[in-house]
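Protein chains in written order, with numbering that gives the first Met the number 0: chain A, 0 to 262; chain B, 0 to 262.
If you're looking for bench data, these hints aren't it; they were derived computationally from the structure. Only a predicted model underlies this, so the values are computations on that prediction, with no experimental measurement involved. For each residue, glycine too, the CB sits at the ideal point set by N, CA and C. A hint or two may mislead.
To be verified - Below are the DSSO-like pairs computed for lysine-lysine, each with C-alpha atoms no more than 30 Å apart in a straight line: (1) B:25 <-> B:246; (2) B:25 <-> A:163; (3) A:25 <-> B:109.
As the list claims (entries may be wrong) - Computed beta-carbon distance windows for the label pairs: (4) B:36 <-> A:2: 48 to 58 Å; (5) B:232 <-> A:3: 49 to 59 Å; (6) A:63 <-> B:109: 48 to 58 Å.
Claimed, not checked - To spell it out: a stretch of chain B is covered by chain A in this simulated footprint if at least three of its residues, at any positions, have a beta carbon under 8 Å from a beta carbon of chain A; those stretches are: (7) 15-26; (8) 192-205.
There are 2 protein chains.
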Amino acid sequence: MPEKDVVTACVLVIGNEILSGRTQDKNINYLAKGLNDIGVRLQEVRVIPDVPETIIATLNECRAVFDYVITTGGIGPTHDDITSECVAAAFGVGMFRDQSVVDLLQSYMKNTPLNEARLRMATFPEGAELVHNPVSAAPGYRLDNVFVFAGVPQIMQAMFDGAKNQMIGGAIMLSRSVSVELGEGTIAPGLSELQDRYPEIDIGSYPAMRQQRFGVSVVMRGTDSDMLDAALVELKDMLTALGGEPKDESIADPAAAPSGADN
Amino acid sequence: MPEKDVVTACVLVIGNEILSGRTQDKNINYLAKGLNDIGVRLQEVRVIPDVPETIIATLNECRAVFDYVITTGGIGPTHDDITSECVAAAFGVGMFRDQSVVDLLQSYMKNTPLNEARLRMATFPEGAELVHNPVSAAPGYRLDNVFVFAGVPQIMQAMFDGAKNQMIGGAIMLSRSVSVELGEGTIAPGLSELQDRYPEIDIGSYPAMRQQRFGVSVVMRGTDSDMLDAALVELKDMLTALGGEPKDESIADPAAAPSGADN
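Bound conformation, chain A alone (with noise of 0.2 Å):
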């Protein structure tokens, strides 16, 4: 991967449960702001089913156009996860059987006997350099710029933060944040303004009811400090003259953002 300033990831979510409303998905926020922290920027996350056909177009889509796509979900024992079987499709390589792996599963089995099924866990697509899994202990792994993950949030995360340390980010994108109680329509011409003025940061403003009281954060974001710095002070200018009283936002801070989504 070359150095640059601009590195990208796409998160492909595969499992049924999260289209059919079983499940609230965790993981796409906790690898935002994960990868986000490393210099990575995600710029597109998909949802998809257990089709096999699906998920191996989306895989060769997603792997020539961003530098990392990271996959959460089906590498367990049961039939519904073929993730493994998809990514070797996808790169036109055939699996293999990891020993150490099936020493490993059978440690943490103790006395159960592992069975074909229990098998799979220790087979993966040839090229993959395994990724530890200190929960449960059956590996995620990395084969060129594909991260496959387990769905389980707690697995997801402990893979996740295990394996960052090989995705090479570019510029870090700093944010500043202020909340105001003033009407989106009331600051968006000077907000319009500003975004001219700035062209090189992105400035967000996300409505939110608070307490029965709509509210607004404007985010802006950008990887030059003294830019964000300079001009905060120009925003928080801006929305006093409008009579708010603009307050700093942690955006670290989930209480700061309850609500919200883009209106």
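Given chain A's structure and the hints, the job is docking chain B onto it.
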């Protein structure tokens, strides 16, 4: 839209704030469940950034493939709200200002003047049929098979609930779900056999940690209630024979699927 058995949908989440990790999406799960209730199968979700080329290309790709496309986000008054312009470009149509919406917004805003930014919320792609917004007045809309909703969850939900009677669903996916404290690998062979005997049922296996113990939920989905009940009896017999104590699980109960995702 012709009447048919399998009616599909795709959700496009338009918003940098989801990709940056600032905001945890709450719309996908609501839409997944709501679509399922009316016999529409959510088959793909894409989260894409506020980039016109990406939005336009994705819209055109997805509206050709799926029966319905639902977009969330980007219809507010600020410079980063570009969904409507992109929808118009995707359909190759112009935009029009709806005077009834101008009046509605003016009435909602009371004494605040409608600046150009707010008037953007009364401007729609030609052919748009408006979708009422009981929360904050500015409407969503439908254009052909594309539904354009707000991103703020409270508003999005109200728009979907108001518009869903316009979607003609197919056969409704029913489900049966049981949880059991057995390893996935233990139940995998029997589950695979069951899946082979019931090819019309989609059987999913979802491990989850509860109070530090691994358990698994088995979800069976299909359109034939009697067939599901027959398969459920076989499933429970199989799990009991393996030493488990299968418990019926309500999929509607979020506590039943606290952290899960396909392994």
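| said: Run the distance test for residue 25 of chain B versus residue 163 of chain A: straight-line Cα separation, threshold 30 Å. | reply: 26 Å, holds
| residue 2 of chain A and residue 36 of chain B - C-beta distance against the hinted 48 to 58 Å | About 49 Å separates the Cβ atoms of residue 36 of chain B and residue 2 of chain A, which means 48 to 58 Å holds.
| task | Sort out whether residue 246 of chain B lies within 30 Å of residue 25 of chain B, counting only the CA atoms. | result | 28 Å, holds
| message | Verify the CB-CB distance for residue 63 of chain A and residue 109 of chain B against the hinted window 48 to 58 Å. | response | Since the Cβ atoms of residue 63 of chain A and residue 109 of chain B sit about 53 Å apart, the hinted range of 48 to 58 Å holds.
| query | Is the hinted range of 49 to 59 Å satisfied by the C-beta distance from residue 232 of chain B to residue 3 of chain A? | reply | 58 Å, holds
| Agreement of residue 25 of chain A and residue 109 of chain B with the hint, judged by alpha carbon distance not exceeding 30 Å | Violated. Residue 25 of chain A to residue 109 of chain B sits at ~40 Å, over the 30 Å cutoff.
| How about the region 15-26 of chain B: do at least three of its residues have a C-beta closer than 8 Å to a C-beta of chain A? | With 12 residues close enough to chain A, the hint holds.
| task | With a C-beta cutoff of 8 Å, work out whether three or more residues of the region 192-205 of chain B approach chain A closely enough for the coverage to hold. | result | holds (count 6)
The structure is inconsistent with hint 3 alone, although it conforms to all the rest.
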